[in-house]
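Student: Each chain, written out:
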Amino acid sequence: MITGKQKSLSDIREILAPYHKVLVLGCGTCTTICFAGGEREVAILASALRLSDKKNGIERQIDEFTIQRQCEWEFLDEAADKIKSAEATLSLACGVGVQGIAERFPKAVSLPGVDTYFKGIPQEMGVWSSRCLGCGDCVLALTGGVCPITRCAKSMLNGPCGGSSKGRCEVLPDRPCGWQLIYDRLANLGKLDTLEEIRPPKDWSTSHSGGPHTLVRPDLRLPAVAAASKITDTTIKEEKGKGH
Amino acid sequence: MKSGTNLEKVLAAGNFAVTAEVGPPKGTGIAGVQKKGAALRTCCDALNVTDNQTAIVRMSSIAGCILLKQLGAEPVMQMVCRDRNRIALQSDVLGAVALGINNILCLTGDHQKLGNHPTAKSVFDLDSIQLIDVLRRMRDEKKFINGEDISGEVPLYIGAAESPFADPYEFRIIRLGKKVKAGADFIQTQGIFDVKKFAAWMEQVVARGLDKKTHILAGVIPVRSAGMMRYMKDHVPGIDVPGELVARMEKAKDAKEEGLQITLELIEQVRKVPGVHGVHIMAVGWEDIVPVLTQKAGLLPRPTV
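Just so you know, the sequences run in chain order A and B.
If you're matching positions, the first sequence starts at 1 in our numbering and goes up one per residue.
If you're matching positions, the second sequence starts at 245 in our numbering and goes up one per residue.
None of these hints come from the bench; they were simulated from the model.
Everything numeric in this text was worked out from a predicted model, so none of it was measured.
Treat the hints with caution; some may be incorrect.
Here are a few chain A residues that sit away from chain B, every Cβ distance over 10 Å (derived from the structure) [said to hold, decoys possible]:
1. Lys-7
2. Ser-8
3. Ala-43
4. Gln-61
5. Ser-85
6. Thr-116
7. Val-146
8. Asp-233
Straight-line Cα separation of at most 30 Å, DSBU-like style, residue types lysine-lysine; simulated pairs [unchecked claim]:
9. B/Lys-357 / B/Lys-477
10. A/Lys-119 / B/Lys-365
11. A/Lys-237 / B/Lys-365
12. A/Lys-166 / B/Lys-425
13. A/Lys-5 / A/Lys-55
Beta-carbon label-pair distances, calculated as ranges [what the hints assert, rightly or not]:
14. B/Pro-518 / A/Asn-188: 30 to 36 Å
15. B/Lys-386 / A/Gln-68: 55 to 61 Å
16. B/Pro-362 / A/Gln-99: 24 to 30 Å
17. A/Lys-166 / B/Gly-391: 40 to 46 Å
18. B/Arg-452 / A/Asp-233: 42 to 48 Å
19. A/Thr-235 / B/Ala-444: 46 to 52 Å
20. A/Asp-233 / B/Asp-384: 35 to 41 Å
We put the CB at the ideal spot given by N, CA and C, even for glycine.
Turn these sequences into a full structure, and let the hints steer you where they fit.
Tutor: Right under this line is the structure:
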């Protein structure tokens with residue numbers, strides 16, 4: 001899941017300052033399950049805004065609505081009328097949703113009510129942690145199912161560095177050293193010999209270092225659309241062993 | 245000879261090498277580096293110039309190396325992967341060699357969160373082992389990472405660091421093997437205080453034949469106060485300080501004198517450990533103790549090779 005955290009009320013008030021008819025739009029997927037922007041959070045935030053507006057003598061209409069997903073047109077279209085009639089839409093989705101609104105409704109003001117973090121898992125009640133940075137070239141087969149790119153603060157492929165102490169990372173001492181986790185997993189699997197090999201420099205072009213990406217599945221495209229389109233797939237990898 | 249540097253010659257001739265560290269200033273003044281360089285030049289075979297150590301912005305390592313060269317001291321340029329991608333790293337290697345800097349120590353680098361610009365974007369395009377491998381290929385195959393040819397020779401003496409007591413302890417010797425396989429000609433270790441534990445680690449080094457393939461320089465940190473000794477014991481990953489050393493520093497009437505004594509004992513002890521080919525003295529902020537230490541430890545004069 002994509003994780004996010006609602007911005008502070010004061011930040012949101014600042015963002016909304018120029019607008020007097022605002023739609024608070026929730027998202028029923030990732031930000032719902034990380035309690036940042038689902039129906040419940042929309043209701044709480046809308047009430048808080050109404051209260052603070054009343055206290056501060058601000059005349060502003062705050063509407064609420066939640067759709068299943070803000071990252072897909074068909075769901076966004078369910079909120080079309082509300083988005084179009086609002087002066088601004090405060091999205092409680094991740095950054096994809098905020099941009100989805102902006103793209104689908106060119107005249108709409110689309111504002112972020114959530115700071116988007118990482119792709120991660122709820123590790124316990126009320127705690128989420130990152131597991132994947134979406135580098136586009138998964139190495140988990142070599143590292144016992146623990147991601148060194150995400151879980152090592154230095155994204156080392158030949159870790160651990162000298163800052164690993166008693167299983168902890170010196171950068172964030174309350175966090176485990178990703179390479180200790182990898183070591184322990186491979187030890188459990190009887191595959192420690194995997195670590196003896198030197199891993200060459202990574203091809204980062206499949207990550208954001210290669211620029212914004214577009215992933216294309218020709219087999220799923222409508223032939224007529226595909227024929228008329230100039231979209232290219234940026235996720236096609238360099239031949240292995242020709243790392244640059 | 246891979247590089248023809250003084251450090252390489254000293255080690256190749258079977259001498260017990262001495263290196264020390266010179267940290268560049270947080271500014272543009274050159275007097276500090278010159279003073280340290282002048283004091284350490286004759287008592288060491290080469291001097292490491294740190295690369296924004298602990299992620300604190302300082303004068304660049306390459307500039308510090310040039311200042312040392314102007315004094316007649318031989319530099320070891322430290323190079324971290326935190327701030328430069330493969331394009332900049334390779335470019336700086338070419339520049340360093342062009343300027344006559346041929347000892348390069350490859351490090352992954354301290355994370356910027358621990359330094360004075362914690363909001364910086366990190367690079368970490370390569371890690372230390374990959375950097376060693378890149379330098380070896382630049383030297384031996386005259387190739388960049390992308391396989392393209394380099395014009396001109398790239399004589400390098402390639403160094404790496406190793407922290408024998410960082411965790412997971414059992415993996416450290418394997419990781420050292422990876423560094424040696426990648427092309428590390430010499431290794432400077434993290435500061436050693438527990439010589440017994442270090443000797444046990446060195447036994448593994450020797451058993452794997454790594455001491456024949458690389459030169460291990462044991463790290464020594466002169467400590468001048470009980471507080472500093474305790475801090476290292478409690479807070480620095482990979483540094484193992486026996487309680488008895490803390491107690492000695494605490495009881496000492498003259499902490500500096502006791503620290504000097506302890507350091508001399510450590511040098512004497514690590515020198516006897518089979519497979520150790522030198523010491524690397526990290527006297528951060530106490531550089532003027534290095535001439536005293538080397539003299540009292542019987543490491544002077546340095547060999548002319």
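Student: Is the gap between the beta carbons of B/Lys-386 and A/Gln-68 within 55 to 61 Å?
Tutor: Because 58 Å falls inside the window, the suggested range holds.
Student: Could you check that no beta carbon of chain B comes within 10 Å of the beta carbon of A/Ser-8?
Tutor: Nearest chain B Cβ is 19 Å from A/Ser-8, so the label holds.
Student: Does A/Lys-7 sit more than 10 Å from chain B, CB to CB?
Tutor: With a cut-off of 10 Å, A/Lys-7 remains clear of chain B, as the shortest Cβ separation is near 19 Å.
Student: Do B/Arg-452 and A/Asp-233 keep their Cβ atoms within the hinted range of 42 to 48 Å?
Tutor: Holds, at about 46 Å.
Student: Does the claim that A/Gln-61 lies outside the interface with chain B hold up, using a Cβ gap greater than 10 Å?
Tutor: 38 Å, holds
Student: Does the alpha-carbon distance linking A/Lys-119 and B/Lys-365 stay inside the 30 Å limit?
Tutor: With Cα atoms ~19 Å apart, A/Lys-119 and B/Lys-365 stay inside 30 Å; holds.
Student: What's the verdict on A/Lys-237 and B/Lys-365, does the C-alpha distance respect the 30 Å limit or exceed it?
Tutor: 25 Å, holds
Student: Does 35 to 41 Å hold as the CB distance between A/Asp-233 and B/Asp-384, or does it fail?
Tutor: About 38 Å separates the Cβ atoms of A/Asp-233 and B/Asp-384, which means 35 to 41 Å holds.
Student: Return holds or violated for the Cβ distance of A/Thr-235 and B/Ala-444 against the range 46 to 52 Å.
Tutor: At roughly 49 Å between Cβ atoms, B/Ala-444 and A/Thr-235 fall inside 46 to 52 Å, so the hint holds.
Student: If I take the minimum Cβ distance from A/Thr-116 to any residue of chain B, is it greater than 10 Å?
Tutor: 17 Å, holds
Student: Range hint 40 to 46 Å: satisfied by the CB atoms of A/Lys-166 and B/Gly-391?
Tutor: 42 Å, holds
Student: Please test the hint of 30 to 36 Å on the beta carbon pair from B/Pro-518 and A/Asn-188.
Tutor: Holds - the Cβ-Cβ distance for B/Pro-518 and A/Asn-188, about 35 Å, lies within 30 to 36 Å.
Taken one by one, the earlier hints all hold for this structure without exception.
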